[in-house]
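*Asks:* Residue numbers (numbering that gives the first Met the number 0), protein chains in the order written: chain Y, 0 to 346; chain E, 0 to 346.
Simulated from the structure, these hints should not be mistaken for laboratory data. Hints may contain errors.
Not the full set, but computed from the structure, chain E residues with beta-carbon under 7 Å of chain Y [stated by the list, open to error]:
id	residue
1	VAL11
2	SER15
3	ALA45
4	GLU82
5	ASP110
6	GLY111
7	TYR282
8	VAL315
9	LYS322
We put the beta carbon where it would ideally sit given N, CA and C, even for glycine.
Number of protein chains: 2
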Amino acid sequence: MYDVARRAGVAVSTVSYALNGTRPVGKETAARIRRAMDELDYRPNALARGLASKRSRNIALIFPALERGLGITEMEFVSSAAETASENGYHLVLWSTPVDDTELLTRLTRDGLVDGVVIMEVHLADERIDLLRRTGVPFCMIGRTADCADDSYADIDFEQTTRDAVRHLAGLGHTTIGFVNHSQRSFDAGYGPSVRAAESFARTAEELGVRQVSRCCADSPAAGRRLWRELVEREPDLTGLVVMNERASAGVLAAIAEQGARVPEDYSILSVASSERVAEMTYPPLTTFHPPSAELGRLGVQTLIDSLDGRSGPLVQKLLPCKLVVRESTGPRPAGGARPPIGTEAP
Amino acid sequence: MYDVARRAGVAVSTVSYALNGTRPVGKETAARIRRAMDELDYRPNALARGLASKRSRNIALIFPALERGLGITEMEFVSSAAETASENGYHLVLWSTPVDDTELLTRLTRDGLVDGVVIMEVHLADERIDLLRRTGVPFCMIGRTADCADDSYADIDFEQTTRDAVRHLAGLGHTTIGFVNHSQRSFDAGYGPSVRAAESFARTAEELGVRQVSRCCADSPAAGRRLWRELVEREPDLTGLVVMNERASAGVLAAIAEQGARVPEDYSILSVASSERVAEMTYPPLTTFHPPSAELGRLGVQTLIDSLDGRSGPLVQKLLPCKLVVRESTGPRPAGGARPPIGTEAP
DNA sequence: CTGAAAGCGCTAACAC
DNA sequence: GTGTTAGCGCTTTCAG
């Protein structure tokens with residue numbers, strides 16, 4: 000940079016100002032500087048810049064090693080987060096920390112590598128958020144805690160999505176509707192989507208006067224299959240199912256096929272917050288409310304960066320709906336009502 | 000750090016040495032230093048460290064915005080890459096750059112933020128690799144160029160995997176075997192897996208004396224469905240199919256169901272390099288050679304870091320096989336041979 | 001094994 | 001508008 004300054008016949012500070020527009024620079028001067036930079040093939044050093052300015056222009060994306068495993072949804076999210084960071088001249092660094100390792104998180108946020116964090120998979124009561132608040136690290140949640148009134152977040156509107164899902168099935172004439180949630184463990188851990196969706200399902204079903212049955216289910220096809228067998232036996236009148244558990248949905252479909260029944264003629268299966276790429280793998284392809292993963296990633300990063308750059312008020316709170324794509328797993332309630340529960344077991 | 004040194008009654012340099020073990024430090028002294036650090040709640044600053052030492056302890060993961068879209072496989076890869084970096088005291092930063100944007104890559108690698116890069120989705124002829132070589136940036140490829148003799152890489156052994164796949168079907172008695180590749184575009188672009196798998200398929204089929212038919216196919220269920228219809232008409236004797244195209248495989252399965260045929264009784268479908276999570280979504284679940292994504296991510300990052308830390312020779316080249324998981328989409332060739340091609344069109 | 005001091009490459013007062 | 005200069009917080013010679 001010193002060389003650039005000399006070659007352009009200006010002071011280093013002027014080069015610096017020209018470089019990051021901190022202060023106006025003469026048009027003519029600026030041109031000379033740019034020329035000198037090109038000729039010397041000069042690139043400013045990110046570390047030195049960060050050290051001197053106390054702004055690294057790095058942000059971290061904190062994503063937990065999920066019990067549930069990472070899916071396509073998460074990948075879309077991460078992709079768009081990285082892209083958005085890049086568009087804003089920021090770098091995205093990835094921290095894969097367990098949800099309960101505040102120790103690690105402390106170390107990471109205090110070594111000065113990043114200016115702020117976007118944090119995924121937030122729980123209703125989340126000690127990581129407490130930590131971030133306490134230490135004053137700028138952050139934006141994907142999801143939200145129970146007490147998020149003063150923090151920025153971008154989240155899927157699970158209440159609304161679940162309500163829409165139930166209404167969709169009820170609108171097709173279904174009068175007994177089931178709900179398949181994520182695992183009991185994630186529910187008990189206060190994982191927001193599980194809790195909010197379950198509540199919303201119960202409330203909506205009640206409002207609409209449809210009979211309801213709600214279950215947690217491990218995230219696996221086998222668990223989904225077992226659950227379906229139980230459900231169909233316990234609730235012979237069940238014809239519609241809302242599933243917020245991608246992997247379980249495959250099991251449900253398989254169990255139905257083995258039962259000799261058909262989708263959507265006998266049963267309607269509506270998948271919630273499942274990615275498009277996965278919904279189209281099943282047969283029949285699943286009607287789905289799919290999550291706005293990319294938008295969420297973009298929004299979370301942009302919100303954080305805007306606040307870091309002082310470009311926005313401190314608080315941005317957004318709830319995004321899932322978008323319904325009707326495929327082939329839903330249809331009107333069968334005319335004769337539910338099929339008899341015989342043949343429930345596979346041959 | 001200055002404060003820590005004073006409180007411990009030593010020079011700053013000693014603190015520095017104690018901190019990163021660059022030089023032996025008296026046991027007693029080290030303890031005093033540690034105490035002082037704890038008492039002052041001191042954290043070394045990553046940027047300053049990097050600036051002074053010229054080693055940021057950051058590495059970048061370059062992943063392209065894929066034509067094919069990012070899947071679960073990629074997510075597992077990214078996860079394990081981040082984890083491995085973290086275990087080695089490194090940070091992983093994500094760069095989502097187009098395969099042909101060498102300009103951007105130049106800027107990124109020269110701003111000194113990272114010490115090296117792991118680069119995904121390498122093509123047989125890849126100008127990004129040329130660039131990295133030219134600029135002397137340490138790197139490790141995931142995949143490999145055609146001329147990779149002097150560079151480190153970790154790749155899936157597509158030759159072997161494809162050979163195993165063909166043999167598996169041939170071993171089940173199938174005598175006409177098809178291959179569904181990724182898109183023609185990715186093949187033409189010299190995407191390694193497409194090219195190598197196609198070659199290996201052709202060679203193996205020839206060796207085994209089975210009749211073969213090989214096709215590229217857009218990455219979508221619709222394309223897979225269309226392709227199957229064409230295939231079944233053109234090759235009435237076809238009973239076994241190797242599919243290296245996750246999304247197309249769903250279409251194939253759907254087309255077969257619509258044709259009124261059954262898997263695996265009438266046709267065997269063997270999926271290659273498809274993730275476990277997706278293979279289990281279909282009905283029947285796909286027999287799959289699934290890719291060692293996590294190992295690949297770990298290996299790539301570890302290789303790069305080892306070389307950065309001078310802990311290994313300059314060259315590490317590894318080819319990992321995919322692992323066969325037999326599910327329910329493959330079986331012996333039907334006794335009567337292929338079913339007649341009538342009813343190929345859906346009702 | 002320890003200490004003093006010269007930077008790493010840049011930013012941001014402060015003066016002009 | 002532009003120039004001077006004192007750091008940012010650490011590492012690493014070099015001398016002891």
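*Asks:* Would you mind marking each hint as holding or not holding in the structure?
*Replies:* Going through the hints against the structure:
1. Interface hint at E/VAL11: violated, since its Cβ lies 17 Å from the closest Cβ of chain Y, which is beyond the 7 Å cut-off.
2. With 7 Å as the threshold, the beta carbon of E/SER15 stays out of range of chain Y, its nearest partner Cβ sitting at about 15 Å, so the hint is violated.
3. For the restraint placing E/ALA45 at the interface with chain Y, the shortest Cβ-Cβ distance is roughly 4 Å, inside the 7 Å limit, so the hint holds.
4. Of the supplied interface hints, the one on E/GLU82 holds, with its beta-carbon coming within about 5 Å of a beta-carbon of chain Y, less than 7 Å.
5. Taking 7 Å as the C-beta contact cut-off toward chain Y, the hint placing E/ASP110 at the interface holds, the least distance being around 4 Å.
6. The closest approach between the C-beta of E/GLY111 and any C-beta of chain Y is roughly 4 Å, which is under the 7 Å cut-off, so the hint is satisfied.
7. Because the closest C-beta pair between E/TYR282 and chain Y is about 5 Å apart, less than 7 Å, the hint holds.
8. Proximity of E/VAL315 to chain Y is violated relative to the hint, the smallest CB-CB distance being about 23 Å (cut-off 7 Å).
9. Evaluation of the E/LYS322 hint against chain Y yields a violated restraint, the C-beta minimum of about 17 Å exceeding 7 Å.
In summary, the structure is inconsistent with hints 1, 2, 8, 9 from the numbered list given earlier, while agreeing with the others.
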